[in-house]
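Q: Taken in sequence, the protein lines are chains X and E. The opening position of the first sequence corresponds to residue 1277 in this note's numbering, with each subsequent residue numbered one higher. The opening position of the second sequence corresponds to residue -2 in this note's numbering, with each subsequent residue numbered one higher.
Hints in this document: simulated from the structure, not taken from any laboratory. Be aware that one or more of the hints could be misleading.
[Said to hold, decoys possible] Here are the simulated SDA-like cross-link-like pairs (lysine to any residue), alpha carbons at most 25 angstroms apart as the crow flies:
(1) E/Lys98 / X/Trp1458
(2) X/Lys1459 / E/His86
(3) E/Lys70 / X/Ala1425
(4) X/Lys1440 / E/Lys104
(5) E/Lys127 / X/Phe1457
[Stated by the list, open to error] FRET-style restraints, in silico, Cβ to Cβ:
(6) X/Pro1527 / E/Arg116: 22 to 32 angstroms
(7) E/His86 / X/Glu1375: 22 to 32 angstroms
(8) X/Ile1525 / E/Pro103: 46 to 56 angstroms
(9) E/His86 / X/Pro1527: 49 to 59 angstroms
(10) E/Tyr10 / X/Lys1283: 51 to 61 angstroms
The beta-carbon is built from N, C-alpha and C at its ideal position, and this holds for glycine as well.
One-letter residues, chain by chain:
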Amino acid sequence: MGCSKNKAWVVHCLLIAGALTMLIPFLWMIITSLKTLMESTMIPPTLIPSTCQWSNYADVWNSLPFAAFYANTFGMIFFRILGSVFFSATAAYAFARIEFPGRDFLFGIVLVTMMIPGQLFLIPQYDIVAKLGMLNTMFALVMPGIVSAFGTFLLRQFFLSIPKELEEAAILDGCSRWQVFWKIMLPLTRSGLIALGIFTALFAWKDLMWPLIANTSLEEMPLASGLASLQGQYSTNFPQLMAGSMIAIWPMLLLFVIFQKHFIEGISGTGSKS
Amino acid sequence: MAEVRLKHIRKCYGDTTIVKDFDLDIRDKEFMVFVGPSGCGKSTTLRMIAGLEDITGGELCIGDRVVNEVSPKDRDIAMVFQNYALYPHMSVYENMAFSLKLRKVPKAEIREKVEEAARILQLDQLLERKPKELSGGQRQRVAMGRAIVRNPSVFLMDEPLSNLDAKLRVSMRTEISRLHQRLQTTMIYVTHDQTEAMTLGDRIVVMNDGIIQQVDTPMNLYHHPCNLFVAGFIGNPPMNFLQVELKQQDGSLYAVRDGFQAQIPAQYASQLEGRERIILGMRPDHVHDAEMMLAEKQEIVCQGTIDVVEMLGAESLLHIEYGDQKLVASMPSGKAYKPGNQISLVFTMDRMHAFDLDTARSLLYEQD
Ligand SMILES: Nc1ncnc2c1ncn2[C@@H]1O[C@H](COP(=O)(O)OP(=O)(O)OP(=O)(O)O)[C@@H](O)[C@H]1O
Ligand SMILES: [Mg+2]
């Protein structure tokens, strides 16, 4: 009995140590955001800022159009979720349940695109958007994230796990193909859809490279690339950058708190199906 | 309110033919049961009637319409699936109302119909529950309810009771029977359980390997099986079969093999005339212990050794070995039988069956 108690102790200590390690960069971000520029580059670094420089927050807020950043970020997340959930779900349903020639081959191609590094697509994507004359628009931010091979794969697995009789019953009840999809299949893959939405949001949130390339005017940037503009070529005002990051981070924290359950469900990969 | 006619229906997957030349008229309001061993094509046939499976060849009529190309929802049928296929995200009420909603039936009318079906099936108290909060029997009833509210002209059921425990199955069986009487609708019911088939069916289709073996009333199937397969499939425990030679002796016909001799009743002798060998069929109910027979006229057909005794309550099943043959006899319980004991057997030859050695067809009863 004592032994198992000891074991729990050890496990807990390890977990706490792990959690603290994960927190250190975050704490460092908070600490740095309150330092002066001088203090932030001091060696050895100070642990506690000598004076709390709250003005860093005001300075960064005034020097960058944060309202536009937020609007662009949320717009990008919203449309990407909409797009990837819709297109992945329809494609996944077709791959899971409709028989058409070349289906498996096409699905193979979809899978293969997951194995190609995303950076390879940057230049063609830029080319397409530029030729459409859509650089520096919301469309440019949203476009590459509107379809998702991973989402198609994920939702296909969900659809495959739904018994075929359910669909047949719906067809006998009078559903068209679209109604089967909309009234039966989608509601039953809710947890899969939410997981995909969360993944899409996360990915859109931290997507830096593409927004940086596509939208170069400050007013059209999302938070990630907007903050990156604080990184000068020669010097970086770290306290301001960290203060900006602090401002940028809270909406995501809020989302996480709200959708915590779905985050974990989605990531552990097992949607609860009844 | 509709007859169903299958005219030379065929189903192939690639090169393999699953259902062969299926020719059947199902009458209006009839309770028709498809029965046969696993994989014989019962579900496939039912699914072709439902429209869930394409028909490779032949013509399917429901009412006076050819429906080969009619989509399932326009065939005026409802189907109950083996695993019920209830929509997990909908309540019992929504499950039953779903098809009516799709048909844009007015709300008040939907409520009325669902509530009536719920009353018939004793689901009134469960309308707000989700399927996962129901027992197997209740789910089964919801599945029936979903079919009833549509008031279809044909009911299709694919082994609707096979997921229930034995006791519930018996009570649901009665309920289905009652439902059929009440609704007066054509029903087509698939099962591999012959008790279900015998108790429910007005007529039964016995299938094997995608071929109809016999279509008949339960009693006719039992008493006049038209071939070896039906004889062996219908009836529990199955019929005993013995390969025998026919010998003419003192003006009577005898079925003979070593250690075995039985006189063929005069009414059958003419049908068997000219044959040398047949397969003799005898149900376990018609195999008796000579010591228990009172009438003197009985002649002993063979002697055997009791191998196993199975007590079933009202009767005991004796597995008897004689020579290299095995026979099963059903005896009224009362006398204690012991394995290893010798027993003399009497056959009720009036109830004999005879089958052709090569074609396996009955020599006494033709399928009409
Ligand atoms: N999609 C398919 N492709 C190829 N063969 C199939 C397909 N569906 C069914 N079969 C075959 O058709 C035959 C009949 O199947 P069916 O489901 O009708 O049998 P069943 O009589 O309902 O059996 P059970 O009592 O086990 O349900 C089986 O041998 C099965 O392997
Ligand atoms: Mg079946």
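Q: All the hints need checking, so say for each whether the structure fits it.
A: Verification of the supplied hints:
The suggested pairing of E/Lys98 with X/Trp1458 holds, with an alpha-carbon distance near 15 angstroms, which does not exceed 25 angstroms. Between X/Lys1459 and E/His86, the direct Cα distance comes to roughly 10 angstroms. Compliance with the 25 angstroms bound is thereby established for this hinted pair. Restraint check for E/Lys70 and X/Ala1425: not satisfied, since their Cα atoms lie roughly 34 angstroms apart, outside the 25 angstroms limit. The hinted pair formed by X/Lys1440 and E/Lys104 fails the criterion: a straight-line CA distance of about 29 angstroms is larger than 25 angstroms.
Simply put, E/Lys127 and X/Phe1457 have alpha-carbon atoms about 20 angstroms apart, close enough for the 25 angstroms limit, and the pair holds. A hinted range of 22 to 32 angstroms is violated for the C-beta pair X/Pro1527 and E/Arg116, which are about 53 angstroms apart. For E/His86 paired with X/Glu1375, a C-beta distance near 26 angstroms keeps the hint of 22 to 32 angstroms intact. Judged by the Cβ atoms, the range 46 to 56 angstroms given for X/Ile1525 and E/Pro103 holds: they are separated by roughly 53 angstroms.
Restraint check, E/His86 to X/Pro1527: a C-beta distance of roughly 31 angstroms breaks the suggested window 49 to 59 angstroms. For the pair E/Tyr10 and X/Lys1283, the beta carbons lie near 57 angstroms from each other, so the given range of 51 to 61 angstroms is met.
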